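Peer 1: Each chain is listed here by its residues.
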Amino acid sequence: MDGAGNMQSEKSKRDFLKYVLGGGLMAWVASVVYPLFAYLKPPKQAEVEVSSVKVGKLATIEKDSGTIVRFGNKPVILLRTSNGELRAFSATCTHLDCTVQYRKDLGVIWCACHNGKYDFNGKNIAGPPPRPLDEFRVVVQGEEVFISKNA
Amino acid sequence: MKGRTWQAIVALVVICSLTSTPFGVAADQCRTCHEALGDKPSTLFKRDIHSQKGVSCADCHGGVASAEDMERAMDKSKGFIGVPKGDAVSEVCAKCHGDAKRMAQFRSMIPIGQFKALQASVHGRLSTTGKERIVQCTTCHNAHGIVQVADPASPVYPLNVVKTCTKCHADAAFMQKYNPSLSVDQLEKYRTSVHGMRNAKGDPKTAECASCHGSHEILPSADVRSRVYPTNLPGTCAHCHADASYMKTYGIPTDQFEKFSKSVHGVALLEKHDLGAPACNKCHGNHGATPPGVESISKVCGSCHALNADLFSSSPHKKAFDERKLPECETCHGKHEIIAATDKLLGNSQEAVCSRCHSERERAKGYQVAGTMRSLIDSLELLERKAQLLVSDAEQKGMEISEARFKLRDVRQARLEARTKVHSFNEGQFREVVAKGFATALVVGEEGQQAIDEYYFRRLGLGVATLIITIVAISLYMFIRRIERSAVHKQTSI
Amino acid sequence: MSSILKKTYEWIDKRVQLETLVEFMGKKYVPVHRHSIWYYFGGVSLFLFIIQVVTGILLLLYYKGSEQLAFESIQFIMSKVQFGWLIRSIHSWAANLFILSAFIHMFSVFFERSYREPREITWITGMFMLFLGMGFGFSGYLLPWNELAFFATKVGTDIAGVLPFVGKPIMVFLRGGDEVTGATLSRFFGFHVAVLPGIFTVLLSIHLVLVQRQGMSEPMGMENVPASERKTMPFFPNFLLRDLLFWLIVLNVLAILAVFFPWELGKKADAFASAPAGIRPEWYFMFMFQTLKFIPAKVLFIDGEVLGVLLFGAAGLLWMIVPFWDRKSSRGEKSRLINYVGLFVVVYIIIFTTLGYVL
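Protein sequences, first through last, are from chains A, Z and V. Straight run, no breaks: the first sequence in our numbering ends on number 151. Straight run, no breaks: the second sequence in our numbering ends on number 645. Straight run, no breaks: the third sequence in our numbering ends on number 1004.
Since the hints were derived computationally from the structure, they do not count as laboratory data. One or more hints might be untrue.
[What the hints assert, rightly or not] Think about it this way: if two alpha-carbon atoms lie no more than 30 Å apart in a straight line, the pair counts; the simulated DSSO-like pairs of lysine-lysine are:
| # | chain 1 | residue 1 | chain 2 | residue 2 |
| --- | --- | --- | --- | --- |
| 1 | A | K74 | Z | K558 |
| 2 | Z | K410 | Z | K433 |
| 3 | Z | K423 | A | K117 |
| 4 | V | K709 | A | K54 |
| 5 | Z | K450 | A | K117 |
| 6 | A | K18 | V | K652 |
| 7 | Z | K548 | V | K912 |
| 8 | Z | K470 | A | K117 |
| 9 | A | K41 | Z | K548 |
| 10 | Z | K204 | Z | K191 |
| 11 | V | K912 | A | K149 |
| 12 | Z | K423 | A | K149 |
| 13 | A | K63 | Z | K587 |
| 14 | Z | K423 | A | K74 |
| 15 | Z | K558 | A | K104 |
| 16 | A | K74 | V | K913 |
| 17 | V | K913 | A | K44 |
| 18 | V | K876 | A | K18 |
| 19 | Z | K267 | Z | K252 |
| 20 | Z | K558 | A | K57 |
| 21 | Z | K433 | Z | K450 |
| 22 | A | K41 | Z | K558 |
| 23 | Z | K537 | V | K912 |
| 24 | A | K54 | Z | K558 |
| 25 | Z | K558 | A | K123 |
| 26 | V | K651 | A | K18 |
| 27 | Z | K413 | A | K123 |
| 28 | Z | K558 | A | K63 |
| 29 | A | K44 | Z | K548 |
| 30 | V | K912 | A | K74 |
| 31 | V | K913 | A | K41 |
| 32 | V | K709 | A | K74 |
| 33 | A | K117 | Z | K413 |
None of the values given here were measured: they were computed from a predicted structure.
Please construct the entire structure, taking both the sequences and the accompanying hints into account.
Peer 2: Rendered as C-alpha cells:
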C-alpha cells in the first residue's frame, strides 16, 4: 500500500483500463449503429412487390423501338410505335420463359428461342406461345415515363 | 299457262270420276288421282318408306283423304294445308318424328330428337329473314321418295352426303349470304384427301361430312360443343381411327390417339386446353386430311416450330434425309407420340438419335459434331445449375443478389437457343450461342460467389463485434472491481 | 468541454430538479447476499424488452401486415434489406430469451417470497407483464404467415374456443371471424404492435417505479441479521454497472444465436393445405399443450379440454394472488408450503415441456 511507484502503476493501469473501456464502448456503439443505418437505408428494390418503375425521359425513347426494362425481378418490354404510342408488356415469353425482343424488320415482338411472335397488343400471333403477353400500364408524367402494374 | 292449268283440272276431274266405283271409294283418294296424273310427288312417294309404313298424303298435307270430291278433299276448313312452307315443313315431320308414341306405332327404332337438334344447330339458328331456318328436314332428306339412310338411293347415304352438303356449301354466292368468311372449297379439298378418294371410289365406311361434323346437331367449329372444336377433334377422329375392328380392312395402326394423348401436344391440348397446341388437323389438314409427305414434314411442323424448321431446311441434313426418304423431323422426334425433347436426343452415345446414322466409322464427321454439341450443352447446363445454386445459396444467406438472379435468365435463354440451334447441325453456329451462355453463367457464378464471400466477411464483422462486446464486458468487470476496491479502501482509510 | 457539460447540467437541474434524483440514486443501496444474482434477471428482462421495442420498430419499417404480402415482406427483409436477416433473427431470439428471463425472474421472486407485503402490486403487475409477454409471443408467431405459425394459431385459438360460454366469442374475437384468415393476421398485427405494447408500457412503468420506491427486497430473515453485518452496494454506479455487464453478456449471446442459428422462415401458409407434421406451439406454451393432450376426452361429465383450460386458469389465478393467501410470509414466518408449490410447478413445467418435445 505504500510507495509512490505502486500508486503510479495503479494509476496508469486505471488509465489504461479507462482507455480500453472508452474505446471498447465507442467501437461497440459503432458496431450497433452501422448495421442500424445500413438497415434503414432503402434497399435497391424499395418494396416487396414492385408496383412501378421509372424508365426515363420520353425524349430518349426512339420511335419504332422496343426496350427491355427491369421490373422487380422480371423484364418488361416497353414499345414505342412509329406514331409515338407507348405500350408495355411482360417480356417473358409465355412459351418457355425466354426474354422477348422487338424486331424492327418484322414489326413484331419476337422470341429468339422458338420464333414466337406477338403483335403490338401483346397477342400471340405465330409460333408456339400459348398465351398473349401480360400488359403493363405506361404513364407519362411530364417528361418522365413510368411503367406500372395493370390494376 | 292458264290453258294448261285448266286442262289439268279437267283431266283430273275426268280421271277421278272414272276410277270411282259405284260400290264406294278407295282408301286413299289423293293417291288415286295424283298417281293417275303421274305427277312427280306421287310417283316418288310410291317407294317412300313412309308409304310402305302406311303414312298417307293427308298425314302431312291435311285434308280428307277419303273424299272423292276434290273440293271436299282439299277443303282448307278440313285441315288441308297444301304444300307446307318454311318452318312448317320441319314441323310437319316433327309431328311424328318428335313423338315417341307415334313412332312406336310404326315400330320405328329411329331416335326422336332430330328436330330439336336441328333447331339448336347452326342450320337451325341462322336465318337471313329471321323467320325461318336455313335448312329444313327436306333440304337434305327430300320430301317424297324418302328412303332409309342405309339405302344407297338416300341423299344422306354416306356416298351421297358430300353431294347433298355441297349443294349449298360449294355455292359461294349462296354461302355469302350466311357466312361470308366460310370457305367453299371443302369439297375440292375433300376429294384430295384419303377419305374423299375412297369415298369417291364407293367406300361408304370412310369419313364424309357428317362423320366429323354430325348430322342434325351440326355446330360451328368455334363452338366449344362442336365435334370439330380443337379439344374435341382428336376424340372425333379417334371414333373411327382408334377402332381396331372398324379399321381392320385399311391396314393402318389404330394407336395414334393413345399416343397423341400422351404426347407433348396431346397433353397441352387435352389436359391444359391450350388451343395453340395442334389437334390432328393441324398436321393432317381437315377436309384434305392426308398424311403429310416425307419431304414436307418440316414445313408442317415448321408452321409452329418455325425456327427449328428453317434451320433444318438450310442444314446439310435436309438433302441427306430427302435422298434417303427419311421423314424429316419425325426421324428423330417421332410423330404422334412426340414428347418434350431433351438433351438426351443429342450426342454420340447409344441412346442419342444421332448415333442411329452416325458412328465412328460411318459418317464420322457428324459423329464428332454431335459429341461436341452434347458436351457443350451439358457443360452449359452444369454451369447454369452451379450459378443457380450459388445465387440461391447467397439469397438464403440474406444477400441482395437480384441482379445476378436476373442475369440467370439470359443463361437459360442461351441454353434454350442453343437447343434450337442444334437443328442447324453446324458446330460454329451452335458454339456461338453456347459461348454467350458460358460467359453469362460465369459472370453470374462469380457474382454469387462474391455475395457468399461477402456474407462470410460480414459474419467475421459480427465476430469482431462480439469480440468488442466481450472486451467491453471484461473491462467493465474490472472497472467495477476497481471502484469497489477503492471504495473499501476509502472506507478503511477513513 | 467539461464546463459546457456542467453548464448544461445546471441548466437542466434548475428546471427539473435533477439534484433530488441524483441524491436519491446516490443514497440507494442494493443488499448484497448469496441470492443477489437473481436481482439481475429483472434488469435482463427489461433490456431484452428494450431490444424488442427497437428491433420491432425497425421491422415495422418494411413489414406488411396483409395476407398477400406478410410472408413476402419478411422474405424481403431477410434478403433485400441490409442486415434485415440480423434484425429479424435478433427479434425472434430476443423474444424467446425475454420469456425465459421473465420466467426465471418470476420464479426467483417466488422462492424468495419477495412478493410479500408491501410488494403485492409489483408482483401482480409483473405477472400481468408475463402474460402479456406470452401474448406478444403468440401474436408475433403468426405475423410471418408461414405454415407452422398458421396452424399453431389455429390450434391455439381453438383451445381458447373450448371454454364454456365465453370461449366461442373469445375465439371469434381473436380470429376476427370464424376461421384463421387474413383478418386474423391484421388483428394479431394490431395487437402485437399497438395494443399489447401500450398496456405493457403502463404496467412496466408501475413496476419500475415501485421497484425504485421500495428498493430491492431482502431475503426472509435478513431483518434478524445485525445491521453491521449486512452488506450492501451502492445502486449507482456499482449495481448499475453490474447490470450493464449482464446486459452486454446477454447481447453477446443474442448476437451469437442470431448469426449462427438464424431464425427460419419456412413455407408460406396455405389455408387449404393439410396441416404439416410437427405442429407445435412455442416452447413456453408447450407444457400446457402437452397437458391438454394427456387429459382424457371426458372426465366425469366435463370435456377433457375444458377441464384442462379451466384448471390452468385456476392455477394461474392462484399463482397470481399468492401474496394474498400466503399470509405467513408476510408475517415473516417461513412457509414450507410455498417451497413445495413452487418446486412442484417448476418440475411440472420442465417435465411436460420435455415430454412435449420428446413424444
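Peer 1: Run the distance test for K423 of chain Z versus K74 of chain A: straight-line Cα separation, threshold 30 Å.
Peer 2: holds, 25 Å
Peer 1: Please work out if K423 of chain Z and K117 of chain A have their alpha carbons no farther apart than 30 Å.
Peer 2: holds, 21 Å
Peer 1: Regarding the pair K204 of chain Z and K191 of chain Z, is the alpha-carbon distance no greater than 30 Å?
Peer 2: Between K204 of chain Z and K191 of chain Z the Cα gap is close to 20 Å, so the pair holds against 30 Å.
Peer 1: Would the pair K433 of chain Z and K450 of chain Z pass a check requiring their Cα atoms to be no farther apart than 30 Å?
Peer 2: Given pair K433 of chain Z, K450 of chain Z holds - Cα atoms ~12 Å apart, limit 30 Å.
Peer 1: Does the structure keep K470 of chain Z and K117 of chain A at a Cα separation of 30 Å or less?
Peer 2: Satisfied, since the Cα-Cα distance of roughly 29 Å is no more than 30 Å.
Peer 1: Run the distance test for K548 of chain Z versus K912 of chain V: straight-line Cα separation, threshold 30 Å.
Peer 2: holds, 16 Å
Peer 1: Do the alpha carbons of K267 of chain Z and K252 of chain Z lie within 30 Å of each other, as the hint requires?
Peer 2: Answer holds: K267 of chain Z to K252 of chain Z is near 17 Å, not above 30 Å.
Peer 1: Check the hint pairing K41 of chain A with K548 of chain Z against an upper bound of 30 Å on the C-alpha distance.
Peer 2: holds, 19 Å
Peer 1: Does K558 of chain Z lie within 30 Å of K74 of chain A when you go C-alpha to C-alpha?
Peer 2: holds, 10 Å
Peer 1: CA of K876 of chain V to CA of K18 of chain A, is that 30 Å or under?
Peer 2: Measuring from Cα to Cα gives roughly 28 Å; hence the hint holds.
Peer 1: Next pair to validate is K558 of chain Z with K104 of chain A; report whether the Cα-Cα distance is within 30 Å.
Peer 2: Cα-Cα ~24 Å, so holds.
Peer 1: Given the hint that K558 of chain Z pairs with K57 of chain A, test it: the Cα-Cα distance must not exceed 30 Å.
Peer 2: Cα-Cα ~25 Å, so holds.
Comparing the model with each numbered hint stated earlier shows that all of them hold.
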